[in-house]
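Asks: Take a look at the letters that make up each chain.
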Amino acid sequence: MVAVAIADETEPQRIARALRRKDPDVIDGLVSQYHYRLLRYLTFLTSRREHAEDLVQETWLRVLERAWQYNGSSRFEPWLFAIARNLAMDDLRKRQRTGSQAEGEMAEESDSPFRAAARSEDAMRISAALGALEPIYREALLLRFQEDLSLAEIAEVAGAPVATVSSRIQRGLAMLRGGLEGNNNAI
Amino acid sequence: MQSDTHQRARVLVDRALAEGISPEDQRWLTRHTDECVECARYTEMSQRAIRALDSFAFEIDPEASRRVQDAVRERLIATRPERRSLFAGVVAAMVLTIGGSLVMWALAGWMAQRWGIPARAWQAGFALFWVLPSILLDVLLVFGQRFIGEHVAVEEGEKL
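Protein chains in written order, with this note's numbering: chain W, 5 to 191; chain C, 3 to 162.
Simulated from the structure, these hints should not be mistaken for laboratory data. Mixed in with the good hints, there may be bad ones.
Not the full set, but computed from the structure, chain W residues with beta-carbon under 8 Å of chain C [said to hold, decoys possible]:
hint	residue
1	Leu96
2	Lys98
3	Phe118
4	Ser124
5	Ile130
6	Phe149
What the simulated footprint calls covered on chain W by chain C, stretch by stretch (three residues with Cβ under 8 Å from a Cβ of chain C suffice, anywhere in the stretch; the number is not a length) [claimed, not checked]:
hint	region
7	46-59
8	62-70
Ideal placement from N, C-alpha and C gives every residue a C-beta, glycine not left out.
Just need the whole structure built from these sequences, with the hints factored in.
Replies: Here's what the structure looks like:
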């Protein structure tokens, strides 16, 4: 009966069960599976590649601590990204308090992770616009168009209403259009 | 009116990309962009912007994922003895509780006999003042931990 129940479980339920049991093999697989996506998300959020790599590891350690909170009733990605987001925002607030954020912003212009990651002419054109966007707009764009999360899932990750998420996406798109047009003014 | 039409088209373009629109709105939008060069261009630029997002590729250190896996395994190993201690503690608590209850039951019965208290009376009193508080405490401990965890999760969400 238990075997039948396990065979019928969804992928999120399987992940939830493995996290609660602290199954090292499954967790290894999750780390590997989500590494690039987490790194990309955290880079979009922080616009600092080095910080993003540190935060990826912290995210998984936090996942271990909070494993009991995930019950598999919804997709794993929103829960994972919400944990990563909280860590990134805590890190951002800490840097703002210590004044190191100003240094980071100056470094961004010459060391933009978006410029380094651009692989097409259009990507190069919008890289500056991406860097100029506030993190919450970059986040909304990434989660919607790269991670293919629904607006409700993005709202869950960002802790914001769906209408706010929709507004952020539209604002972000406006900035990107401006980048393609060759100016920084939103269309 | 014209500007309202264009504004409506742009709103629909953005909404279609972000969350989808109704078939009726899609048909209206398609008819409009077939006729309006400016709005057609707006649509094209929006779609190009989204395609451009697909063109970002971050280089990954091949060992980075392995380092994270190692860190996670170290944490799993470090916390595992705590789980064994916790399990042992729970078992010990249960043994002491059951054993202690049996001892108290026998003691209460002996004292009731000495003082001439009817069996039903002392047994009801034992259930009320010994067993029920223990059960209530167990329930509070179990659900209290879960409530604290949820409260922390809500606080984390509210920070943003």
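Asks: Run the structure past the numbered hints and jot down the numbers of the failing ones, going up.
Replies: 1 and 2
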